[in-house]
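Enquirer: Let the sequences and hints guide you as you build the complete structure.
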Amino acid sequence: MGEEKNLSETDLISRESGAQFESLPEMTLTTRLILGECQMEIAEILKLGQGSVLELDSMTGQPLELWVNDQFIAKFIRSSATIKSGHRSRK
1 MGEEKNLSET
11 DLISRESGAQ
21 FESLPEMTLT
31 TRLILGECQM
41 EIAEILKLGQ
51 GSVLELDSMT
61 GQPLELWVND
71 QFIAKFIRSS
81 ATIKSGHRSR
91 K
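The end of the sequence shown is residue 91 by the numbering used here, with every number in the run present.
Source of the hints: derived by calculation from the structure; they are not laboratory data.
Incorrect hints may have been included.
Have a look at the derived ranges for each label pair, beta carbon to beta carbon [unchecked claim]:
no.: 1; residue 1: Leu29; residue 2: Lys75; range: 15 to 25 Å
no.: 2; residue 1: Leu54; residue 2: Thr31; range: 13 to 23 Å
no.: 3; residue 1: Glu26; residue 2: Leu46; range: 33 to 43 Å
no.: 4; residue 1: Met59; residue 2: Glu22; range: 36 to 46 Å
no.: 5; residue 1: Gln39; residue 2: Pro63; range: 14 to 24 Å
Heads up, simulated DMTMM-like pairs for lysine to aspartate or glutamate below, C-alpha to C-alpha not over 20 Å straight-line [said to hold, decoys possible]:
no.: 6; residue 1: Lys75; residue 2: Glu65
no.: 7; residue 1: Lys75; residue 2: Asp57
no.: 8; residue 1: Lys47; residue 2: Glu37
no.: 9; residue 1: Lys75; residue 2: Glu41
All C-beta atoms in this analysis are idealised placements derived from N, C-alpha and C, irrespective of residue type, glycine included.
Expert: Structure representation (structure tokens):
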């Protein structure tokens with residue numbers, strides 16, 4: 001007759017965890033890297049266009065904040081940052 005395998009509780013938990021981790025690469029997270037903040041009137045926002053400059057409340061050398069799904073994760077120190085075509089490039 002066939003050999004029966006008795007799975008321990010640890011084996012069952014490992015199998016369940018493995019199945020959960022398989023879906024991790026497909027999960028979507030909302031990620032924000034905050035350079036600084038500013039307040040603007042709606043009229044000012046409507047005037048923004050390509051090449052517009054925003055004056056933020058942070059200075060070179062102050063940390064960037066990384067937020068994932070509205071939870072603070074870490075701060076990073078930068079020397080300077082430039083935004084080009086929607087991508088951050090470091091100087």
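Enquirer: Would you mind marking each hint as holding or not holding in the structure?
Expert: Verification of the supplied hints:
1. Leu29 to Lys75: 15 to 25 Å: holds, 18 Å
2. Leu54 to Thr31: 13 to 23 Å: With Cβ atoms ~20 Å apart, the hint holds.
3. Glu26 to Leu46: 33 to 43 Å: holds, 38 Å
4. Met59 to Glu22: 36 to 46 Å: This hint holds: roughly 44 Å between Cβ atoms.
5. Gln39 to Pro63: 14 to 24 Å: Given a distance of about 21 Å, which is inside 14 to 24 Å, the answer is holds.
6. Lys75 to Glu65: holds, 5 Å
7. Lys75 to Asp57: Roughly 16 Å separates the two Cα atoms, so the pair holds.
8. Lys47 to Glu37: At roughly 18 Å apart (the allowed maximum being 20 Å), Glu37 and Lys47 satisfy the hint.
9. Lys75 to Glu41: Not OK: Lys75 and Glu41 at ~29 Å, beyond 20 Å, violated.
In summary, the structure is inconsistent with hint 9 from the numbered list given earlier, while agreeing with all the others.
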